[in-house]
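So the chains spell out like this:
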Amino acid sequence: MPAPVRPIPVLVKGLILFLAFNLVFAVWNPSSLDKASLYNHLFPGRERFPFGEDPAQAYNLSLFDLNAMFASHVISAGVKPVGEYRVLMIGDSSTWGILLKPEQALAGQLDAARMQTCNGRTVRVYNLGYPTISLMKDLMVLEAATRYQPDLIVWPVTLEAFPVDRQLSSPIVANNAERVQTLIQKYNLDYNPMDPAFSSNDFWLRTIVGQRRNLADLFRLQLYGVMWAATGIDQAYPSDYSRAQTDLSTDLTFDGVQPPVLNPAKLAFAILEAGLRSAGGTPVLLVNEPMLISSGKNSDLRYNFYYPRWAYDQYRQMMADRAAKNAWNYLDLWNLAPANEFTNSAIHLTPAGEALLAEQVGKSILQISCR
Amino acid sequence: MLADALGLIALNGANAVQVRTTGWMWVLLYAYAFQIYLDFSGYTDIALGLGRLMGFKLPENFSAPYLKPNLTQFWNNWHMTLTQWFRAYFFNPLTRALRSAKKSLPVPAVIFITQLATMLLIGLWHGMTANFVLWGLWHGLGLFAHNRWSELTRARFAALPAAGQKVLNVGGVFLTFNFVTLGWIFFALPTPSISWHVFTKLFGLA
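Heads up: the protein sequence lines correspond to chains A and B, in order.
Residue numbering for the first sequence follows my numbering, starting at 1 and increasing by one per position.
Residue numbering for the second sequence follows my numbering, starting at 1 and increasing by one per position.
Looking at chain A on its own, in the form it has when it is part of the complex (with noise of 0.2 Å):
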């Protein structure tokens, strides 16, 4: 006959148990953890990254890990090949493809042409798009993205990823802490690396119970592996969606400051200079994005739901400017498409609006690619 079970030793050796596991996993602080991947294994690399609100039907989650999510990318699929001219694309939603499946969007459009280059490359183009406008966050992929050996970086930016107060507020950038701390000092940027913006990162966030949600997150971005492998399908697509706003309102500030004058001092292009720095020897091409240009009410004082008019010419101004002097690849084309070629948000492009944007970023990247 078995012996009856003491409850209470149980309990015990298991509560030991638990606080053992918890207090190992802190110490040891398995960095390699999220570098492992299902991805490019079992399954294929992420077109993009990771990044869903809807994972029931998007079979795709955000997470702030950006080790997982390189790793669950088609860029980490082994070695680059010879004959590839490897192009890394940066930016927000509009680059992640908001509304449009990975192959409509810009760099799933750029590679699909399978552009060669004069020296006979094949240019591949991948989409390392995530939807945050922010520079920081753009750094910081681009500094992560410079280990892929890419030839060219195109980098699309856009007035809303500049206010200097903003760059430290969204959560991929807050949660990463130590990789944007890093950057602070490595590029001497004028943020404070103790910003409490930052999420904290001592000793009981390491364990287990405080990892639980990054640790919940990792899991099932490996188990949307499958749909993923399954559907293609990384994105909920609503078969209706607010349309852009075209009547906009009388507010004439941008960022909370007033017209007549929008102060440089407030724009964060040294991060934009830390990020060209960050790509070394590889050439870079900033892109102006193409944004919606209303026409309808009070048009005449903003170009959209983002921009009054003057703080969008200065800031325009201030890109030229900063271009010629430098002599930086730049190609502004904010007005590119027409307003029926956005969806839901004035920097978000259809299929088509992807297209002709494609079409002069790919002439571009030709140029740049036999200078």
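It should be emphasised that the hints constitute simulated quantities derived from the structure, not laboratory data.
Over 10 Å on every C-beta distance to chain B, these chain A residues come out as not near it, computed from the model:
{"no.": "1", "residue": "G14"}
{"no.": "2", "residue": "V79"}
{"no.": "3", "residue": "I98"}
{"no.": "4", "residue": "T122"}
{"no.": "5", "residue": "D195"}
{"no.": "6", "residue": "V209"}
{"no.": "7", "residue": "S249"}
{"no.": "8", "residue": "G256"}
{"no.": "9", "residue": "P283"}
{"no.": "10", "residue": "G296"}
{"no.": "11", "residue": "E341"}
{"no.": "12", "residue": "K363"}
Computed footprint of chain B on chain A; a stretch qualifies when at least three of its residues, placed anywhere within it, have a C-beta under 8 Å from a C-beta of chain B:
{"no.": "13", "stretch": "213-223"}
{"no.": "14", "stretch": "226-238"}
No experiment lies behind these values; they were computed from the predicted model shown.
All residues carry an ideal CB built from backbone N, CA and C; glycine is no exception.
Since the structure of chain A is already known, use the hints to place chain B on it.
Just chain B now, kept in the frame of chain A:
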């Protein structure tokens, strides 16, 4: 926990029409088979455990059903409380009534009617939809086919050596599990047309 994880990739009405290849369709279907088992037997175990804590000994509801070598045994070990109820209050009375009728039917016909009727009722017990009817039919026909097959082969298989019995058993488990799993298509999906689409995809016809 496992069931919830499998729920992320299990076959459902939305993903059934999105899957692009035969192989991945099988993966989603197997995920559903294990999700429903782990989910249902998991919370039954919680109920049993809570009952024990309060001094009640409730009946077991699952006993390794996916490891049974035939469909009859599967139904003797899957959702046992439900099947025992239907056996006691529908299947047995109906069998007795048919056998004691003035103009008695042949035994196979009695088995066919009782098994089909019982499984149809069990299907409808889960919901009043065409797919639950199809699920009931699938199992009713499966049980009848197994009954007839077993009648035909019992003597021959009983004479097999131990190794042969073992192979037969493993083969039976494989076939039964896959038959039950294919039946889950009707259970998991909302309409016969989506179910048919999944069947065609699974067998490379779509």
